[in-house]
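**Q** Sequence:
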Amino acid sequence: MATNEFNLNKKQTKEIKYLNKDFSDFRGDLIGYAKNYFPDIYNDFNEASPGMMFIEMASYVGDVLSYYIDNQMKENLLLHAEERVNVIDIARTLGYKTKPSIPSVVRLNVYQIVPATAGGEANMEYSMKIMEGMEVESETGIRFITQGSVDFSQDSITSPRETTIYQTDGSGVATYFLLMKTVDCLAGEVKTKDVVFGTTPKKFDKVKLDDKNIIQITEVLDSDSKKWYEVPYLAQDNIFEKVENSFSNDPDMSTNKETVPYIMTMRRTSKRFTTHVNSDNTTSLWFGAGVSSEPDEVIIPSTTNMGVSLPYGNTGNSHINGGINIDKAFDPANTLFTRAYGLAPRDTTLTIKYIAGGGLASNVGSRKISTIINSTAWFDKDNLDNATAVFVENSLAVINLEPASGGRSGETVEEIKYNALAHFSTQNRAVTREDYLARVYAMPAHFGSIAKVYIDNDSLGNQLAINMYTLGYNEDKQCIGLTSLGKDNLQTYLSQYRMLTDAVNIIDAYVINIGVDFSVIPRPGYNSKALLLTCIDTLKKIFDIDNWALQEPIVLSQVRTQLDKVEGVQTVKDLTITNLFNTEKNYSGNIYDIESATKNGVVYPSMDTSIFEVKFPDKDIKGRVVGY
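Numbering follows the working numbering, with no gaps: position 449 of the sequence shown is 449.
You may find that some hints are simply not true.
[Unchecked claim] In the DSS-like style, the derived pairs of lysine-lysine whose C-alpha atoms are separated by at most 25 Å in a straight line are:
{"hint": "1", "residue 1": "Lys477", "residue 2": "Lys97"}
{"hint": "2", "residue 1": "Lys74", "residue 2": "Lys417"}
{"hint": "3", "residue 1": "Lys615", "residue 2": "Lys541"}
{"hint": "4", "residue 1": "Lys17", "residue 2": "Lys35"}
[Unchecked claim] Per label pair, the in silico range of CB-to-CB distance:
{"hint": "5", "residue 1": "Asn76", "residue 2": "Ala361", "range": "33 to 39 Å"}
{"hint": "6", "residue 1": "Ser279", "residue 2": "Pro403", "range": "42 to 48 Å"}
{"hint": "7", "residue 1": "Lys203", "residue 2": "Asp380", "range": "38 to 44 Å"}
{"hint": "8", "residue 1": "Ser279", "residue 2": "Asn590", "range": "58 to 64 Å"}
{"hint": "9", "residue 1": "Tyr418", "residue 2": "Asp70", "range": "32 to 38 Å"}
{"hint": "10", "residue 1": "Ile16", "residue 2": "Arg346", "range": "45 to 51 Å"}
{"hint": "11", "residue 1": "Gly406", "residue 2": "Arg346", "range": "26 to 32 Å"}
{"hint": "12", "residue 1": "Lys203", "residue 2": "Ile31", "range": "53 to 59 Å"}
{"hint": "13", "residue 1": "Thr388", "residue 2": "Asp184", "range": "27 to 33 Å"}
{"hint": "14", "residue 1": "Met499", "residue 2": "Ala58", "range": "55 to 61 Å"}
Read the hints as simulated data drawn from the structure, not as lab findings. The C-beta atom is built at its ideal place from N, Cα and C for all residues, glycine as well.
Starting from the given sequences, assemble the full structure and let the hints guide the process.
**A** This is how it looks when you write it as structure tokens:
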């Protein structure tokens, strides 16, 4: 009897399978389960029986739930997700912003006419300045927006100007000149939207723009004409701001205006927002959570209102008098009311200006963009002839000599996936040498054009510092050191990406000017003068400064090989590199012992970071055609 009682009271373990995923597997497993554990209770498994109805209903529910669980799991993984909205959201968590539309880009020629001076030169007092954002239109009705200003008074390496004779009088003396500059444009139409915010702010408020294919937000102003700034994420409170390099903005730095037209400044702002592309290709603006009118130091706990005020306190006699006790708990959620994530708009109207457009239709042919829709152009008319000034204003014209290209529809789901992964791998930071090089060359040219960069460890032994050797170009494309403003802009730019503990020393590299002397033996039947010119042109291409980097040696055998390949050259007899350093002839003045630096046919650079430069190719490359 004891054994039987034990068997009756023993808990029976039932086998459950967890590998079934679809309707048929669930159905078969439920039938087997019933036969195994309830053989005496139910054994009617006919298709029309009530028991089979309940088994199949349970199998149906299990199949549906299994499908949605698997699908939800898949949609949480970037590479396996299929729904566009999920792919966009996951990409955003990786720091990648989806492109709703890709606009075409084109370089636009901008022209104006100026009168001649009494001396027969272009009168630059009539030169105009055109602000960024000029709107132009193609013959097919596609609009384009200029991405930079046009200043006809400036002629520099970063903003060259072409000047040609436009009109002459009966004696052939120039009366008018034609000025031409180029500016980059992208396809799109400028639109605005006003959004009214009430007196009660809302944390992380959102504004949806109804237009699709919004390329960029150009400006957001509140009722007080205060600017709101777009940031990658709301916790970032520092932004780059572009300020025109003028005397009024910075009297000292304005002397560098031709080479560095803009000053890069970094400022902290609580008025900021992020943008988010929705699945329907519309764009939303997301604002911050700062809804409290109290200062942040009142909301966030500090040493004056937290632990130091325990019974032994922080006052001189608090251990005697009992100190000040905390009488209420601090709510960690209070941090969301601060400006740490930006302000929430309140009691204001935001005017949002943006560019919408792009796509395949924005790819237009050459010479199709010629109509100016809207522009802000001016010059100082004081003391100028009014009739001539009106003529000059009306002479403004544009044309695209090359077709606008690159426009296409927004990213596909697959493109978003792989672009997000590629973006995430960069981490938007500067840690390695390659990171710094990529960041330096990515800095917009209007903050200072950087032509050459070389990075080395700090020679003084600071493990957290790097030496960044740099050079720029002058108007004749010759290597020069960066201006002080160019260096300041570069430091400001890198501060957003470098590690907090890292230091970057920006140093001018040395320029070693060289001359090239050679002689070649011709093949029979070739004209010596024509052959010499061809060889000199070949060396000009070899020593083009764009092809050379800091600390790059001159491999003489490679230069000889290129000369040997010139049609008509039998052999290269001599090839000599010399140092040119006469400052009176506008050379750098840096003296370098080329002979001592040449080992096994290689001219090695200096221990001090430098570059070899043929400064005046027309006279510094000399050659002869000789016989055997």
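**Q** Please go over all the hints and tell whether each is borne out by the structure.
**A** Verification of the hints:
{"no.": "1", "hint": "Lys477 <-> Lys97", "in the structure": "violated, 37 Å"}
{"no.": "2", "hint": "Lys74 <-> Lys417", "in the structure": "holds, 14 Å"}
{"no.": "3", "hint": "Lys615 <-> Lys541", "in the structure": "holds, 13 Å"}
{"no.": "4", "hint": "Lys17 <-> Lys35", "in the structure": "holds, 15 Å"}
{"no.": "5", "hint": "Asn76 <-> Ala361: 33 to 39 Å", "in the structure": "holds, 36 Å"}
{"no.": "6", "hint": "Ser279 <-> Pro403: 42 to 48 Å", "in the structure": "violated, 32 Å"}
{"no.": "7", "hint": "Lys203 <-> Asp380: 38 to 44 Å", "in the structure": "violated, 49 Å"}
{"no.": "8", "hint": "Ser279 <-> Asn590: 58 to 64 Å", "in the structure": "holds, 60 Å"}
{"no.": "9", "hint": "Tyr418 <-> Asp70: 32 to 38 Å", "in the structure": "violated, 24 Å"}
{"no.": "10", "hint": "Ile16 <-> Arg346: 45 to 51 Å", "in the structure": "violated, 57 Å"}
{"no.": "11", "hint": "Gly406 <-> Arg346: 26 to 32 Å", "in the structure": "violated, 41 Å"}
{"no.": "12", "hint": "Lys203 <-> Ile31: 53 to 59 Å", "in the structure": "holds, 54 Å"}
{"no.": "13", "hint": "Thr388 <-> Asp184: 27 to 33 Å", "in the structure": "holds, 30 Å"}
{"no.": "14", "hint": "Met499 <-> Ala58: 55 to 61 Å", "in the structure": "holds, 58 Å"}
Consistency with the previously given hints fails for numbers 1, 6, 7, 9, 10, 11, ordered from lowest to highest.
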